[in-house]
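Peer 1: Residue numbers (this note's numbering), protein chains in the order written: chain A, 1 to 291; chain B, 1 to 405.
In case anyone wonders, no lab produced these hints; they're calculated from the structure.
The C-beta atom is built at its ideal place from N, Cα and C for all residues, glycine as well.
Treat the hints with caution; some may be incorrect.
Take a look, some chain A residues computed to stay more than 10 Å from chain B by CB distance [to be verified]:
hint	residue
1	LYS43
2	THR64
3	ARG91
4	GLU110
5	ASP276
Once the Cα atoms are required to be at most 16 Å apart in a straight line, the calculated EDC-like pairs of lysine to aspartate or glutamate come out as [as the list claims (entries may be wrong)]:
hint	chain 1	residue 1	chain 2	residue 2
6	B	LYS136	A	ASP280
7	A	LYS168	B	ASP395
8	A	LYS113	B	ASP168
9	B	LYS74	B	GLU49
10	A	LYS168	B	GLU374
11	B	LYS295	A	ASP58
12	B	LYS136	A	GLU218
13	A	LYS43	A	ASP59
14	A	LYS109	A	ASP67
15	B	LYS398	A	ASP280
16	A	LYS109	B	ASP168
17	B	LYS170	A	ASP280
18	B	LYS136	A	GLU191
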Amino acid sequence: MSILVNKQSLVLVQGFTGHEGTFHAEQMIQYGTRVVGGVTPGKGGQKHLCLPIFNTVDDAVQSTGADVSVIFVPPQAAADAIMEAAEAGIRVIVCITEGIPVKDMMYVKEYLKCRPKSRLIGSNCPGIITPPSTKIGIMPGSIHRPGTIGVVSRSGTLSYEAVDQITKAGLGQSTSIGVGGDPIPGTTIREAVELFMDDPETEAIVMIGEIGGNMENEAALWIREHGTKPVVSFIAGATAPKGRRMGHAGAIIGGKSDTAQAKKEILRECGVHVADSPADIGMVLVNALKK
Amino acid sequence: MANANLYIAMNLHEFQSKGLLKKHGVAVPEGMMARTVDEAIKAAELIRESADVEKWVVKAQIHAGGRGKGGGVKVCHTLEEVKKHAGNILGMTLVTPQTGPQGKLVRKILVEQNIYYPGESEPAEYYLSILLNRMKGQNMIMYSPRGGMDIEQVAEETPDQIFTELVDPKVGLQPFQCRKIAFNLNLKGEAYKNMLKFISAVYNTYVDCDASLIEINPVIKTSDYKILAADTKMSIDNNALYRHPDIEAMRDLGEEDPIEVEAGKFDLNYVKLYGNVGCMVNGAGLAMATMDIIKLSGGDPANFLDVGGSANAKRVEEGFRIILKDPNVKAILLNVFGGIVRCDRVAQGVVDAYRNIGEIHVPIIVRLQGTNAEEGKKIIDESGLKVKSAITLEDAAKLVTNVLN
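Using the sequences provided together with the hints, build the complete structure.
Peer 2: Written out as structure tokens, the structure is:
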């Protein structure tokens, strides 16, 4: 089983004919993802990778019944692409694009509040994968294996590290989701954890966080109240320098709770199994499952 | 760091921030930037004409706070004093609590009218800042009647004296919110009216400029009830600079670490730290995790360096060159998780980079994991170079411990 995406998902690629869009669409198709077409304004009616191109997301949804979209458009156009997908009724919008201005994402968030059927994942994220055949994003498919561990992470390559350790420990993933590292994420860690807790075939959750922001703490407090499955976590950045900030306002907002040490303490207090070393994620998971 | 967790922003000088605020209708003291003593005197004369004042302040312009504590801010009563203080401050290495012990060279000063002049009422100082509340995904105004002092200290001593106001992005800052702020700051009459205008103009500046922070501390109420931005810190969302070429042009590379600027030319995200083990990693999260494992292995990270997802040979080579500029580096750990990019290709890139650079005098540990990891390790092991290889993170950590002992 899985969360959000599975073999039935019909996937659209926004920014289909660009360099990134083309490369990753090919990779996704190879993995078995049901990519049904793409959107590149002005190229509607043509074909790319033997699939139809549409001018608008709306046209594409009408013709293909796509319910998932993955976005590879440049940062200047990405907020617009997300809103277009939501307006067309796309259920899961995965935005890979890095570098979208915060102000744009603030407006996107408001826009999505009025369209509750659409969920955004990202931006600035590796995407979401339900092995063995549904990959929507840029992660390497080969390290994943179907299984019962739900993975949620803010970081790309660090989530691959966690996934790889899980696979090498003889386990597999129900779904692995990268929520991205931007200040205003479409889906938070807590929301992903909730989805995994509700998924009958997810047995345990691996949550990879890092310094900054408050998402891990929010998830931890939710887990303390509602958690029913073991959660294992690693928080990156214990040795990262404090931001060389000029003002002091940020320090007050973040408080002292956005350091790696503080996050780990809160997680432990909430019953989460914390790995201190990134090399031990798999081992801590195996031990947590024995308990 | 690139990952967006520390959301990257371009810092501005005080004079640049005040220029942007003024353009948006925020009242600021009359002032001009100067690079030389002559320019400073000319500026002081012009300010005397337009603002009709006989007192000035000369302020060092560096990207760090606490300038007054280091002697970088001086009040001048005569043009002679302007000349003297400008001469002293320009070219000085200013050490403040935020610069680190090495300090920062002062290349520019701001000459301003002194706004603490006598009048019918006592001047008062407030605190005001605008920034993103990440949990809410909304901009937030934070303010306090206790201005002119370190706001972190206010938060500790009198947390009830710090107020916040969230702004709904759909409609922006509303007049009732400005009124609430002005009332909470205990203002009335002329000063109250001026504060309403002030807050709304500061907020407009924040939104129009894609700022990630505006902090005004203090906001001053003058003896004749004007509301002015006395000191200002402002930074701009890097990702939005493409729509503000005028602000992008304000970037002062002289304020940035030269190695970091160099790294930026190759799209490498480098932050200098003070440890003995250099590292180069693909992806910011994994880079931070790698720094953590260096520490757990008995070393100290010398830097943060994200070579980007593809970790191609050219970037790896430039990454090595940049890390090797740091004399503290006793070992280098390269940690690449090969996904789409195959480990055998990264390994070949490492070998080529090593040969291109020539003799490297510190041990290098290469950890390649992911697609074709075994092939990658084989290429490293058979290269004949003084490079140790590992596949698991655990083995890489042990190798770091070994080379340090």
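Peer 1: Each hint should be assessed against the structure and marked as holding or not.
Peer 2: Hints and how they fare:
1. LYS43: 24 Å, holds
2. THR64: 26 Å, holds
3. ARG91: 21 Å, holds
4. GLU110: 5 Å, violated
5. ASP276: 7 Å, violated
6. B:LYS136 <-> A:ASP280: 33 Å, violated
7. A:LYS168 <-> B:ASP395: Given pair A:LYS168, B:ASP395 holds - Cα atoms ~15 Å apart, limit 16 Å.
8. A:LYS113 <-> B:ASP168: Holds, at roughly 13 Å.
9. B:LYS74 <-> B:GLU49: 21 Å, violated
10. A:LYS168 <-> B:GLU374: Given that 16 Å is the threshold and the Cα spacing comes to 15 Å, the pair holds.
11. B:LYS295 <-> A:ASP58: 51 Å, violated
12. B:LYS136 <-> A:GLU218: 12 Å, holds
13. A:LYS43 <-> A:ASP59: Roughly 12 Å separates the two Cα atoms, so the pair holds.
14. A:LYS109 <-> A:ASP67: Answer violated: A:LYS109 to A:ASP67 is near 20 Å, above 16 Å.
15. B:LYS398 <-> A:ASP280: 13 Å, holds
16. A:LYS109 <-> B:ASP168: Status holds; Cα separation ~11 Å.
17. B:LYS170 <-> A:ASP280: Outside the cut-off at roughly 45 Å; violated.
18. B:LYS136 <-> A:GLU191: The given pair, whose Cα atoms are some 15 Å apart, holds under the 16 Å limit.
Hint check: violations occur at hints 4, 5, 6, 9, 11, 14 and 17; the rest are consistent with the structure.
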